[in-house]
Amino acid sequence: MKHLCRFLFCALAFAFGQAPLLAEAGVILKMTCRAKGQEAELCEAAIKEWARKKKEETGTDVKVEIIKLPQSSSESYAFTQQLLGSQAEDVDIYQVDTTWSVFLAPHVVPLNAHFSPEEMAAHFPVAIQSNTIQGNLVAIPWYADIDVLFYRLDVLEKRRAKPPTTWEELAKTAQMIQDYERRFDGNTRFCGYVFRGKSYEGLMCHVVEWIESFGGNVFSPGSLPQEDRVIEAFTFLSELIPKVSPPGVLNYTEEEVRGVFQLGEAAFAHNWPYMWALAQMSGSPVEGKVGITVLPRGKADRESVSVLGGWGLCVSKYSKHQDLAVDLVRWLTRHEEQKRRAVKASYLPTIVTLYGDPEVLAKNPFFLPISKALSTAIVRPAAFFGRLYPQVSAAVTSIAQSVLSKELTPAEGAKQLIQAVETFKQRAQSSPEDPSAAS
Amino acid sequence: MSWSREKTAWAFVAPCLFVLLSVAAWPLLRTIFLSFTDAQLEHMSGAKFIYWENFKALFSDKDWKQSVYNTLLFAACSVPCETLLGLFVALALHKPFKGRGLLRAAVLVPWAIPTIVSARMWGWMLHDVYGILNELLVRVGILSAPLPWTASPELSFWTIVMVDVWKTTPFMALLLLAGLQSLPQDCFEAALVDGVSKKRIFFRITLPLLRPTLIVTLIFRTLEALRIFDLVYILSNGGPKTMTMSVYARRYLVDYANVGYGSAAAVCLSLIVALITILYINVGRHRILEER
Amino acid sequence: MSTIALKNVTKSFRDHQIISGIDLELSGNACTVLVGPSGCGKSTLLRLICGLEEPTTGEVHIDGRCVNTLPPVERGIAMVFQSYALYPHMTVFDNMAFALKISGCSKTDIAQRVHKAAKTLNVEHLLDRKPKELSGGQRQRVAIGRAIVRHPKIFLFDEPLSNLDAALRVKMRHELARLKAELKTTMIYVTHDQSEAMTLADTIVVMRDGRIEQAGTPLSLYHHPENLFVAGFIGSPTMNFLKAIVEKIQSQYLVLRFDSGETLSIPITRAELSARKPSLSLGETITVGIRPEDIKEEVSSTEDGAIFSGKVSLVENLGNETHVWVTLPGGATLNLRQAKKDVPHALGQEVALLVRAARCHIFDPQGKAIQRTQKEAACSP
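Protein chains in written order, with our numbering: chain A, 1 to 439; chain H, 1 to 292; chain D, 1 to 381.
Any given hint could be a false lead.
[Said to hold, decoys possible] Distance condition first, Cα-Cα at most 20 Å in a straight line; then the derived SDA-like pairs of lysine to any residue:
#1 D:K132 - H:T213
#2 D:K184 - D:M172
#3 D:K130 - H:P212
Calculated directly from the structure, the hints in this document are not laboratory data.
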């Protein structure tokens with residue numbers, strides 16, 4: 001028995017010792033990928049296909065390891081910054097947010113050379129533009145994200161309410177429904193309107209949407225802020241808690257919003273479209289009861305404003321397998337793959353023609369109205385603020401939270417917001433080291 | 001010790017010292033160095049000396065002052081709670097009873113779970129809509145409506161204190177239990193024979209004899225409490241009301257990639273912790289010397 | 001002066017019986033010493049009397065009152081522990097004053113009592129020190145002082161001298177004897193050292209395996225042990241035991257034959273013989289006990305007794321006396337005590353020893369003594 005154990009131990013040690021040698025026989029690519037919802041599974045499935053095809057066509061054994069990114073985009077940003085900033089060769093492909101382009105520019109392979117002009121034109125222009133820095137395509141768009149308004153078909157029908165078109169209508173309808181549900185139906189947990197209120201990038205998107213949809217004009221570089229419009233927007237915000245939204249909303253990210261809505265405890269949810277597929281899955285408490293519409297406007301005569309989010313893929317300049325990596329990136333972002341992701345998990349494609357594809361629309365009827373919003377979506381001023389952008393985001397969300405929790409009056413909040421953004425704008429412009437220049 | 005024995009001793013200690021120096025001393029020195037520069041994460045090689053600028057900016061930042069206040073308040077609230085509760089638990093576990101071994105192991109579970117995991121767990125339990133804590137309290141009638149434990153600026157601080165007390169009481173209990181069990185048992189019997197009541201025994205005999213252990217435990221725990229990071233990071237809503245010094249330093253170091261400024265915050269954090277530790281030890285030493 | 005009575009007391013710890021059915025009565029201002037080998041239950045008995053343990057069955061009475069459920073302080077008891085049990089964080093003064101402070105004595109009263117006790121025990125110059133600054137003997141005295149100041153009805157001592165070195169032990173023994181005379185309170189003293197028992201006790205209680213073997217005055221235990229165990233326990237060096245067979249039972253004598261062939265006629269009356277039930281029969285093996293000081297070197301017997309010849313196997317010369325071990329043919333050894341003036345022996349030397357019948361103790365096959373009145377007390381050489 002003792003000898004058997006010894007033999008086993010030696011055999012195992014030998015086998016493990018050989019592992020690095022075995023690994024060197026093939027190529028290993030490493031890729032970061034978000035794991036929110038079904039993203040990771042979708043990614044892995046696509047990668048498997050690609051690896052199989054590669055083996056068939058060229059005989060090279062390629063293994064792709066996925067590094068799962070944290071749920072919060074701010075966290076993912078920090079992670080990506082550290083790796084690229086230290087010029088690590090470990091990771092070849094990064095999944096990147098549209099707001100990171102300025103930082104990414106000096107560290108990635110420009111993808112213009114690897115995509116034909118027709119391929120690039122197939123995407124939404126704003127998607128390509130937000131990923132282009134000084135003429136270099138920093139990352140190729142993978143999917144778009146745009147905030148939409150989810151609502152409960154059955155609950156609205158019960159109360160004979162229509163999907164709101166302005167924020168004021170939303171507040172009124174949501175409050176009415178919340179009152180009814182809590183008082184007359186005895187459901188003390190029901191909420192009118194839930195959104196991402198934690199102090200992070202998700203709230204920043206909301207704030208830009210709210211402010212700009214009221215006409216605040218705060219965030220575009222070179223624009224003149226309209227203080228009274230901002231006060232209007234903040235007045236709407238300050239009256240949300242607790243009659244329309246639960247106080248806990250100040251700690252919600254995407255998943256918490258989805259949790260509340262999918263459990264059936266909210267009438268309206270303000271979130272990314274990925275929630276659709278999950279909420280409509282069999283077994284979900286709200287299956288078949290979900291409606292989507294564009295975000296409400298500030299006033300009846302204004303336009304609905306959505307912030308364009310979205311993620312793309314880039315290839316690290318320090319990668320040892322750039323050609324293979326670019327090939328994989330091309331595979332993952334092509335027409336068929338974007339369609340598959342749309343049908344399977346309702347990820348918004350960036351390729352325009354897919355919005356007319358009958359299969360896609362059958363699964364996601366709300367894509368049609370959304371596609372118009374996509375082409376008119378606004379971009380966050382990340383490129384303009386460059387390195388300062390995280391600080392701008394932190395300051396703005398902090399003020400928004402104070403207004404939401406009634407610590408600041410709308411007037412005070414508006415003043416502080418405009419002041420803060422203006423100060424940052426000045427710093428960004430006068431910074432000796434131009435943040436948008438490649439170093 | 002003869003010279004050759006000393007040499008051998010150094011030879012044995014040297015590898016450990018080397019590891020310690022490289023893992024702890026090098027980053028510490030580098031952080032201090034960086035705090036005097038304007039280093040940025042994506043551009044570390046281009047860092048320039050700006051001397052005291054970072055520190056000046058730090059001291060005039062109201063968010064930093066709020067963080068320092070939050071951290072000190074947090075330590076001042078959670079450490080006494082943990083110590084008292086820990087003492088209570090230790091006294092309960094001191095007397096042998098059936099199932100004591102099992103209970104001792106069970107009591108350790110909160111401490112054993114990694115903070116990240118238990119913070120996430122508490123985050124879900126404390127959720128205002130689908131959290132079980134609110135559900136239970138509303139059902140039982142203690143609350144009329146669910147509370148936003150982690151979201152409300154007023155409540156979130158105390159929620160974090162509560163979770164920290166839950167997590168750390170077992171640690172304190174175990175340290176104090178060890179102290180209790182090392183006390184000479186015969187003078188407790190003598191006290192019984194002398195007719196001293198149980199309450200008196202605790203205050204006049206147990207506590208004074210336990211003082212050295214208490215002081216060490218308090219120092220240990222205060223140091224940890226001043227460095228608190230994971231609980232705050234996971235549970236809080238990111239606002240300035242609950243930000244502690246470590247969270248502040250990380251925000252600047254990582255989120256804003258401002259390595260110079262973040263290092264300055266980290267250096268200040270270390271200095272504050274060191275100062276409080278020295279104070280504690282001095283007070284403690286006087287007390288312990290008094291005994292002698 | 002208190003009366004302590006134990007009625008059918010047993011004590012078990014988790015199915016392990018430490019004390020089995022003890023009945024004992026101690027009265028008057030006596031010093032009772034509980035003595036016995038380790039594990040005999042004497043400390044447990046003391047703790048039962050003190051109130052630190054409760055008896056599993058039976059009752060403890062103090063001054064006629066059942067005190068089973070009374071805490072120690074209400075029994076009027078003070079105890080001196082084997083490890084002294086001083087409060088390490090208090091000064092000697094505070095140690096001695098603590099109990100008085102708890103019971104609410106006035107400051108002047110406390111100071112007076114403490115100083116008096118300290119003077120009695122010679123620790124007045126140590127009142128400001130902490131226990132860890134004191135030597136073993138000093139700590140012992142402080143522990144005693146702590147007990148004294150309370151003016152208790154009963155003093156309990158749990159092997160107080162066992163942690164001290166030999167010379168200090170003798171000195172403290174004398175101090176305790178002096179204290180005993182001074183205080184005139186009931187004392188119960190536990191020790192495993194039989195010489196302490198012999199010197200301090202008014203009554204000795206010998207215990208073994210949770211039972212009382214014999215209780216009585218020191219000399220009665222010495223001269224009239226009731227069984228083999230007590231005979232072998234009391235007295236140092238221990239009594240010699242030889243096995244013998246009953247050869248003849250006559251009206252005034254019992255004739256015994258030893259393994260080595262010698263015979264011994266022991267004077268005993270019929271009544272004393274028949275006191276043992278069932279009566280002795282021929283051929284039974286009994287044990288004969290003789291103390292070392294009762295063996296003389298003698299070639300021929302002019303008195304009633306038996307002569308044993310053997311070779312000297314071990315000589316221990318203590319300076320004031322010598323202990324000699326003689327091995328008899330058959331393997332048994334006899335230990336005799338020689339006075340300083342006697343001629344010393346060499347190893348292997350042949351000697352003849354006289355064992356006088358009048359000084360012998362006889363024990364039946366079960367180890368119980370067959371008491372005789374014709375036994376002679378060993379006062380004459």
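Now the hints, each set against the structure:
1. Simply put, K132 (chain D) and T213 (chain H) have alpha-carbon atoms about 19 Å apart, close enough for the 20 Å limit, and the pair holds.
2. Distance check on the hinted pair: K184 (chain D) and M172 (chain D) sit about 18 Å apart at the alpha-carbon level, within 20 Å; holds.
3. Restraint check: the Cα-Cα separation between K130 (chain D) and P212 (chain H) comes to about 17 Å, which is no more than 20 Å; the hinted pair holds.
Against the hints set out earlier in the document, no violation occurs for any number.
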